Amino acid sequence: MSDLFDMSAIIALVPVLLRVTTPILLAALGVHISQRAGVLNLGIEGMMLSAALAGVIVSAATGSAWIGLLGALFTGLALAGMLAFAVHTLKADLILAGIALNMLAASGTTLILFMLTGDKGMSGSLASQVLPSVTLPVIADILVLGTLLSGHHVLTYLALILVPVVAITMMRTPFGIRMRAVGENAEAAATAGINVIRMQVVALLISGLFAGAAGAFLSMGYVSWFSQNMSAGRGFVALAADLMGYGSAWGTMLASLLLGTAEAVVISLQGEGLPSELLQAVPYIVPVIALVIHAQRRKKAA
Amino acid sequence: MVIREALAPFILTVLLLIGILALVLVPIAMTQPDPWGMIDTFLLGPFRNPRHTGNIVEMATPAMLCGLAVALMFRTGMFNLGVEGAFFLGGLATVATALLVPLPALALVPVALLVGTLIGSSVCIVPGYLRSRYEVSELVSSLMLNFAALFIGLYVVNYVLRDPSAGAMVSYKIPLEARLPRLIAGTRIHLGTLFAVVACIAGSIYLFRTTWGFESRIVGANPGFATHLGLPIRRIMLRAQIIGGAIAAFAGGIEMLGLYQRFSWQSLPGNGWTGVVVAILARDHPLLLIPAALFLSYLQVGGDLVARNHDVPSEVVGLIQALILIFVTASAITRNPRLLAWVAGRRTENEA
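Chains as they are written, first to last, in my numbering: chain E, 683 to 984; chain A, 851 to 1202.
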């Protein structure tokens, strides 16, 4: 009897797990692509934050969650374009430009929010929309499978579908192979006739789109508001997920699920009287431990 | 002519800074009913009142030290961003020691700062150790540990140091004997400012006149060459991060004992990120950190004054900082031979 109870408790955890994993996974796939092309997108945190605000503003202005999503995607894309411009045209340092982008986003979102609503903390006065969850036909009615597979958020399904798409694109298509060649050895790739800068710009733009989707999930996934610094380091967690993913999209997904599990367990323990501050620290300690284990394994393999 | 030539990069940086200020301030001023008043408050307000001018020096104190911490690590090629967390945790551990450990009045400040430095520096040292031992990216692990330090710190504030009679989540009052003495009447400039200036001078000597500093610069500039020389690279990298972390945590401690009555930070205070901008603006040169920190603090005080007197949040300063970071590192601009030649008043070779 108690086994049965545990099973159902674990099954009940799955939707929570997928919910917290979605933004990490979307952002981590974006980081993954940029990393493989040799232009690690450290600005992913700021892109997510800006996209989250853009989604709220656009969806409130148009009354459509989908146009809001487009606004978020466009914002991620535009910021990625700015990062690419700073790195390739202005020849700024990639890491420092990423840090600058995060600072720009943290201050810029607060300023814009204040100018639109007169409030620096929350977007409560904007009537923004929520992107829907999807109930799968037939499967939803099956007892356990329904909970596992149906009723999740549309962006959750998108993230899960994008994992094989990214994996196949990067590993099996000429486009992905060129992109990886640029990341492995830019000079050799250039000698082979690949336009290195164009590949890296494209990689950054794609990672901006992923950041846009991740940001939209934060402010339009289950809630209908934007709050100051709502990305709260998830972009950085995504960087860790990518590092833990052994350079593959599937690995990145597993790492994102692991980090999401840590967050989901913390959320479910928060009602149990444990100090919430210590629990909140856990999702940031797990990646560090995981990176150490990962590095040790890599060392042994070498 | 020769002097102008040597100063060209400096003049170019100043021109860039003026351009960035105009780029951010003019559009924001246009949204205000009194645009000239806002720009006037921002640029000249900090000098109208000695208290506000003093604020510049107060804010420059942690900026210099955090900038120094960042500069010493960046010079060694370590992108360790734990300065933010080390500053926070250093401040907290210093206050906790002053509150919890019964000490004679004379020993209170040195012991509290020492404990704060030891505990706070861990946010930089752990990523440094993981990098040199396991080759874990210090960039990512230090970003993670910043947040871990924040939440563990908030736990300590809430469960150990919290003063129940104070309305908010703040610590008990820091004992008066633990406060750093004020140096100039009418301002809050404190002893820590002297420490910061001395640290920048010492940092310059360390980096350019000692073996350790020399090793650091070689590893940062050219790791391959350092390997060739047989330098103990891992040890040199770790050393830079220990020193950087210690300076950042010390900065948090003196910030608390110099300016605060209670530990009241509820989130990461952002001084570490300011330190990154200061270090970049100073081109990782410890002596130049002093003017760079003063300049950024001047902007911060201007931004705070504007926030108080006009309908513009102080986050404007964050925008300016971010643009400084991008444009000062943009070597296509700052190392552009044509631009430098133009600033130096010299015609380029192809024109001549």
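By construction, these hints were calculated from the structure, which means they are not laboratory data.
What you are looking at is a predicted structure, and each value in this text was computed from that prediction instead of being measured.
Ideal Cβ placement from N, Cα and C applies to all residues, glycine included.
The reader is advised that the hints may include incorrect statements.
[Said to hold, decoys possible] Label-pair restraints from in silico Cβ distances:
#1 Leu1079(A) x Lys982(E): 26 to 32 Å
#2 Gln1111(A) x Met804(E): 44 to 50 Å
#3 Lys982(E) x Arg1085(A): 56 to 62 Å
#4 Ala1016(A) x Phe767(E): 45 to 51 Å
#5 Lys773(E) x Ile861(A): 18 to 24 Å
#6 Val816(E) x Ile861(A): 22 to 28 Å
#7 Thr873(E) x Arg983(A): 47 to 53 Å
#8 Glu866(E) x Trp1062(A): 22 to 28 Å
#9 Met804(E) x Thr903(A): 34 to 40 Å
#10 Asn1072(A) x Lys773(E): 17 to 23 Å
#11 Leu772(E) x Arg983(A): 49 to 55 Å
#12 Gly1080(A) x Lys982(E): 25 to 31 Å
#13 Leu695(E) x Arg983(A): 55 to 61 Å
For each hint, the structure was consulted:
1. For the hinted restraint 26 to 32 Å between leucine 1079(A) and lysine 982(E), the CB-CB distance of approximately 29 Å keeps it satisfied.
2. Distance hint check: the CB atoms of glutamine 1111(A) and methionine 804(E) are about 29 Å apart, inconsistent with the given range 44 to 50 Å.
3. For lysine 982(E) and arginine 1085(A), the hinted distance range of 56 to 62 Å is not satisfied, since their beta carbons lie about 23 Å from each other.
4. Separation of alanine 1016(A) from phenylalanine 767(E) is about 48 Å and conforms to the stated range, judged on CB atoms against 45 to 51 Å.
5. The hinted range of 18 to 24 Å is satisfied by lysine 773(E) and isoleucine 861(A), whose Cβ atoms lie roughly 20 Å apart.
6. In this structure the hint that valine 816(E) and isoleucine 861(A) lie 22 to 28 Å apart at CB is violated, the actual value being about 59 Å.
7. Separated by about 37 Å at the C-beta atoms, threonine 873(E) and arginine 983(A) break the suggested range of 47 to 53 Å.
8. The hinted range of 22 to 28 Å is not satisfied by glutamate 866(E) and tryptophan 1062(A), whose Cβ atoms lie roughly 35 Å apart.
9. At about 36 Å, the beta-carbon gap between methionine 804(E) and threonine 903(A) stays in the expected band of 34 to 40 Å.
10. Separation of asparagine 1072(A) from lysine 773(E) is about 19 Å and conforms to the stated range, judged on CB atoms against 17 to 23 Å.
11. Range check, leucine 772(E) to arginine 983(A): about 36 Å between beta-carbon atoms, so the 49 to 55 Å window is missed.
12. Distance hint for glycine 1080(A) and lysine 982(E): a CB-CB separation of about 27 Å, consistent with the stated range 25 to 31 Å.
13. Distance hint check: the CB atoms of leucine 695(E) and arginine 983(A) are about 35 Å apart, inconsistent with the given range 55 to 61 Å.
Checked against the numbered hints above, the structure violates hints 2, 3, 6, 7, 8, 11 and 13; every other hint is satisfied.
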